[in-house]
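**Student:** Spelled out from the first residue to the last, the chains are:
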Amino acid sequence: MSGDHLWCSKRAGLPTVTNSDDPPAFDDNNDRRSALVNSDKIHRPEPASGLSKLTASEAEKSISGNLCRCTGYRPIADVCKSFAADVDMEDLGLNSFWKKDAKLHKLPFYDPKQLKLVAGNTGTGYYKETEYYNRYIDLRFIPDLSTIRKTGSQIEIGATVSISELILALEEENNNDLILGVRSKVTILTGVKKEILTLEEFLEKPALDSRHVLLSVVIPSLKPTENGYSEHIKTKLLFETYRASPRPLGNALAYLNAAFLAEICNGDDGVVINRIRLAFGSFGVKHAIRASKVENYLVGKKLSVNLIYEAVKLLRAAISPENGTSHPAYRSSLAVSFLFDFLFPIVDVDGRLHTPPCDYPGTGSRLTNDDCERMTLLSSAKQLIESSHENYPVGEPVIKSGAAIQASGEAIYVDDIPSPLGCLHGAFIYSTKPLARVKNIKLKCENDVNSIVTFQDIPKGGDNIGIKTGFGPEPLFCNELTQCTGQAIAFVVAETQKDADVAADTAIVDYDVEGLEPPILTVEQAVEKSSFFEVPSFLYPSQVGEFSKGMAESDHQIYSVEIRLPSQYYFYMETQTTLAIPDEDNCMVVYSSIQAPEYAQGVIARCLNIPEHNVRVITRRVGGGFGGKAMKAMPVATACALAAYKLRRPVRTYVNRKTDMIMTAGRHPMKINYTVGFKSNGKITALHLDILINAGMSPDVSPIIPWHMVGSLKKYNFGAFTFDFKVCKTNHSSKSAMRAPGEVQASFIAEAVIEHVASRLSLDVGLVREMNFHSFDSLKLFYGNTAGEPSEYTLPIIWDKLMKSSNFEYRVEMINKFNKNNIWRKKGISRIPILQDVSLRPTPGKVSILNDGSVVVEVGGIELGQGLWTKVKQMTAYCLSAVQCDGVRGLLEKVRVLQADTLSMVQGGLTAGSTTSEASCEAVRLCCDVLVARLVSLKEKVKEQTGSVSWELLIRHANMHSVNLSASSFFVPESASMRYINYGAAVSEVEVNLLTGETKILQTDIIYDCGQSLNPAVDLGQIEGAFVQGIGFFMTEEYLTNADGLLVADSTWTYKIPTIDTIPKQLNVQILNSGHHKNRVLSSKASGEPPLLLAASVHCATRAAIKEARNQLFSWNGLDALDSFFQLDVPATMPVVKTLCGLDNVEFYLQSLLSRS
Amino acid sequence: MGSLKNEGELEESKDAILYVNGVRKVLSDGLAHLTLLEYLRDSGLTGTKLGCGEGGCGACTVMVSYFDQNSKKCVHQAINACLAPLYSVEGMHVITVEGLGNQKFGLHPVQESLASRHGSQCGFCTPGFIMSMYALLRSNKTPPTEEQIEESLAGNLCRCTGYRPILDAFQVFAKSNIYYTQMVLSRYKNLKTVNLFALQLANPVLVDPTRNC
Ligand code: FES
Ligand code: FES
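For the record, the sequence lines run as chains A and B.
Its first residue numbered 1, the first sequence is counted upward by one per residue in UniProt numbering.
Its first residue numbered 1, the second sequence is counted upward by one per residue in UniProt numbering.
For reference, chain B alone in the conformation it holds in the complex:
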């Protein structure tokens, strides 16, 4: 597994690469039949769930980040990993729910908020909701409005909770809620993966899709 610092090595590499939660992955040839979801789950990242396989439930939501040549900006998007062909995210950075936080190193505020506000029952939809919310926060420079939050979650299904507690849990991240800033600031620094990711973003050349041209 390559480290993010290893730029020289990247330069020469002819391999297709992909970053998953800050870890460099080399994609071998012949995986065109795989979806991103299958790849993630096969490599042990089972936090991302399969609920429908047809883009209709959001259980497989992950965030991809890449450097957009047109806008010259880093772009963060929530995508349904069950539809994305693996190679379509080549050169990008995929963040899964495992990349946000965990029990050992601490939960990410988005995770913690959902857990502590009873936003999960069976928990099967939970990672998807978390990633939708996380991607919204990442792609917005300012805290999102409540409408944006609601809209960003409209493609996620939950059969257990009736949604109210999920929305409640995420309300703390809305513009109208000052708690947001406090929480994010106080927690972000403890998170190893997030730090890695921050580094990654500071150095967007690493996720430049044209890098290997």
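Bound conformation, chain A alone:
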């Protein structure tokens, strides 16, 4: 990737170095404007047509990663650039795949349209290629370019040396004599001429054209005593690099990078800055810059608080990101923070040396460095599971079915199925306008396209239908009128997936908005126009008590406070995919990665106008669903089926990530207003909520969201609890159910209200929570029958247990101490409870025993990774073992669960809502009971004859006696007990960096009630996985759209799900076995979704830490911190946190010091 500013890690014990991209440069000539190398200048002569991304905003240039992982060998200067074409390839000795005899002087001029020079080709990760080159020239094996040459006084780094190689080389160097970037020189090849330039000269040159190649960067060593800078013994060199990015280790764009180099002199009356270089990059400008004004201001001056204060003020003005850069004020404040961090530790308040200046090279941030920075996750997780063995093998932590073939890569996902003969590939063209007429679609590469499928290809009698739910259909393609961004306009079909993708990506759609009303893009506009989806009355949740009465009882009131919650994308690792194969007699076989094959079957049949029995939808496994493959997989399957039907050829698609993100959308965004009345002791007496849910263009399952929300909102006893929901119909992509749909938002809203009440009363928020806990009676009042038996209300037990197991009180004390002793880091801790009610749905099952005693099982539920098959296998083995013959303990190995097939098992329904595993288990149990009943009497007979009966023998006899060895069932839950509540609680502790806004999750402790877990290992995986997905929602995943509602955070580069380095440093989970639950499936409870809600604890802890920061800020300002309530946005990303901590907290701090002295 060119143009990066790659700073090396401060973690992991690497020496702090910069790569040649951004070295701050000392120069003899002080006023000569120097800046950082921006390799973009070199590598991107002019963007070839169709590659407009190449010149995209500065942020793109800062793709970071301390060690680039893209192809592992990201070159120092990724020479993604082109030369001219009039050269015979063979002449070069550089033929694109022969690296034979590569010689630098043979590099030709090329036509960028024909050729591409690569050195790892990592650039395509960000700068997507929409045109493909026929030839690539790999520069990595040209010795001149690929070596690091060290001589006594300098180090020369070839342009294709990878970052990791450089780091290794520098680690070897490790003698403290080397300061990188000092007086660096750049060598460029122009035609046959080599040119050596200083960085400054280099940057002043206009962007290089295609005749230039960057060859190397030369960095001289710098010893303070030898190089003429520092005769004075008291002179010290300081060097430091900084980087702020959403992920400490993983791939992420930085918000800002900085590198500082200073020569200071410890004189008699203080520290004087002799020279200083301040370099900043990747904050939203074309190339990195030097803050020369600030430098000039500082040079020759005595370091003091005042000096720093003036310098940071100058700096803030100097760092101004270009228009359109996200979070500009935040980025400037980072520059201020870093300079402060660099200079402040050198002085004390009196302007004296604080500590002896550190030796160079620097060691990272001084003010916010952890004492015990690196605690790895590896050694710091605890899991406690209480399992019971009475239902063996149910309850055992059996290894997930299929784990071995997943680990060996043998597991077959839809896209792994070999293409049948003549198979074509499809890709969606989607709308980029929210409301417009589609006049025309023009394909740029018509030749590569086989066909283009639109609504006009739907056969006679068939419907334009892509999704069907109980609330209404969604069209497969837009007709003339597109109703949201991301709506499918057409499906391009080509010989390869790549051809189809490129054709779809480069297609030009002509829109026309003339005479159309403006689109509805906000919930407010929807309210104005009364654009709502109806919530059927039986799904409208019931309210509790009388609001006015509750308000009358209250001592305090908070009126109409607004919260906004954003969307979240599913981000399953396997994107949407389907393979549709036409079969004889007007039939269609569809392999789909879907949570609801039965629904897809119905939709396809309706679209093609064929009977459902002609449509066989097969789903073996799904590479992650999270709700995104429930409804949203249907249009993908249907489009393939329609194309296959039209072309009479197999058609498959594997939707690319960007299209998937834009078309599939995600969780419901919403706007909430709360009004709450409460007593002085924190007891809430009335709560009213007005909630506007942005459902998008079609109903999908949105009308059920209020129901889901209220189930989790009622986790506290609010006294009177009333609400008004509006499910808004807008011109956004339709939102669907994502894991814990509505529940996660609801649980958060309840906590936000509690936090507000506590803040208003200046009470400990934990006390306010407890004050509003349900008694069993109030639980009954709020939840009715769903509350179950008093013994099932385990939340109070969990709450107390967690207090002890997490050492809560002690840690609160430690945190208080920590916060007193640390100015720039604050910790927060939070303990929250969750309640989520779930509901079982009818589910079919079928169990058959084959001649050799092996067992085959079919269930309605789909294996999404949630371990459904594993639990089903365990249940089958357990239930069949009731026959009580020899060897039944080995039954588990004999059970195989089959892929879902809509013609083999009907009424399969939908795998969602956390309960499909247990429902499928129950269905299987019904089958097994029938089989056992058929076998038991036979077994007794055989036993009489032979003395002992093995399972195999019994089955042989059963066959001889023509016993029916197959049983099917349809489990229909009883309405009185189909719903139940899940309980859990979590404590999270975080640390916020007040200079950067970074939040580190130090520790999370979870206790979750699984009843008697069917498989504690599987449930543990669900708890941890859901929790981390929740962290994504609350902390990292920014769902950014443009003004039209089109998702712009549409790639792994811009949409940040949690990675290994952003999850809790320590994660302790305990699965509580709460014993017998008579209405549950073998006393088990669900685990798929509710633990996601627990992630709100991280958000609340962050809020607590920010509160500390704000109190401190207010004290600097001389203000009273009381009742300084603030809302912390979701997700609480670095800019959000920093903004609340004070974008100018550094200045305020310095001011307070100044006014004190």
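It should be emphasised that the hints constitute simulated quantities derived from the structure, not laboratory data.
Worth double-checking, as some hints may not be accurate.
To be verified - Each pair of labels, with its calculated beta carbon distance range: (1) B:72 - A:151: 50 to 60 Å; (2) B:176 - A:777: 47 to 57 Å; (3) A:420 - B:26: 18 to 28 Å; (4) A:300 - B:176: 27 to 37 Å; (5) A:447 - B:15: 25 to 35 Å.
Claimed, not checked - PhoX-like mimics (lysine-lysine), calculated; alpha carbons at most 20 Å apart, straight line: (6) B:141 - A:150; (7) B:141 - B:72; (8) A:301 - A:286; (9) A:683 - A:382; (10) B:72 - A:150; (11) A:780 - A:683.
All figures in this text were calculated on a predicted structure; none of them were measured in a lab.
Glycine included, each C-beta is placed from N, C-alpha and C at the ideal position.
Got chain A; can you put chain B with the ligands on it based on the hints?
**Tutor:** Quick look at chain B with the ligands alone, frame taken from chain A:
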């Protein structure tokens, strides 16, 4: 398919070659538009997954090994196959998840550890994690530290597990864990492909990129 022993044949060959899991492959002309990932999946090695196609998820991680002329050493690297142009790995040895082990011949310790410690749910990220870990083990002469493990996995995304079980599964390979040596020693010899690979490494001339000059 050429065997590894067939050196004489290699000497004369003018073809571009590539080793995949110990098997010699001849690359025809005109494949410059292919990424390594497309090539692998098209040739039936579908264990390597496509998650993003932009270097951001690690699902396509494979290991490449080659003889580095500069350092005169065999180099093993985890790379994202979705970004690597096919020809860029010419003359190298590509190891995919299929090359480590399988059900029939036994799983590699890295695979087995992940499977048995519940490190896979939907399993789509699993091959990528395995290859990142495997490449780390191969490129380190000594068992890696826990920090190195964590760092080597920082570019792999998993949406299901929350990472903890994956890290746990790989902890057995960390320096601090003696289990590592035992397991590796006891399992390595049973693996056909790994043996092939060992042979390959003992004879680095085969993966010397300048071989065909
Ligand atoms: S597919 Fe995501 S990194 Fe290659
Ligand atoms: S197991 Fe599903 S993404 Fe990792």
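**Student:** Which numbered hints turn out to be false for this structure?
**Tutor:** Per hint list: 1, 4, 6, 8 and 9 violated.
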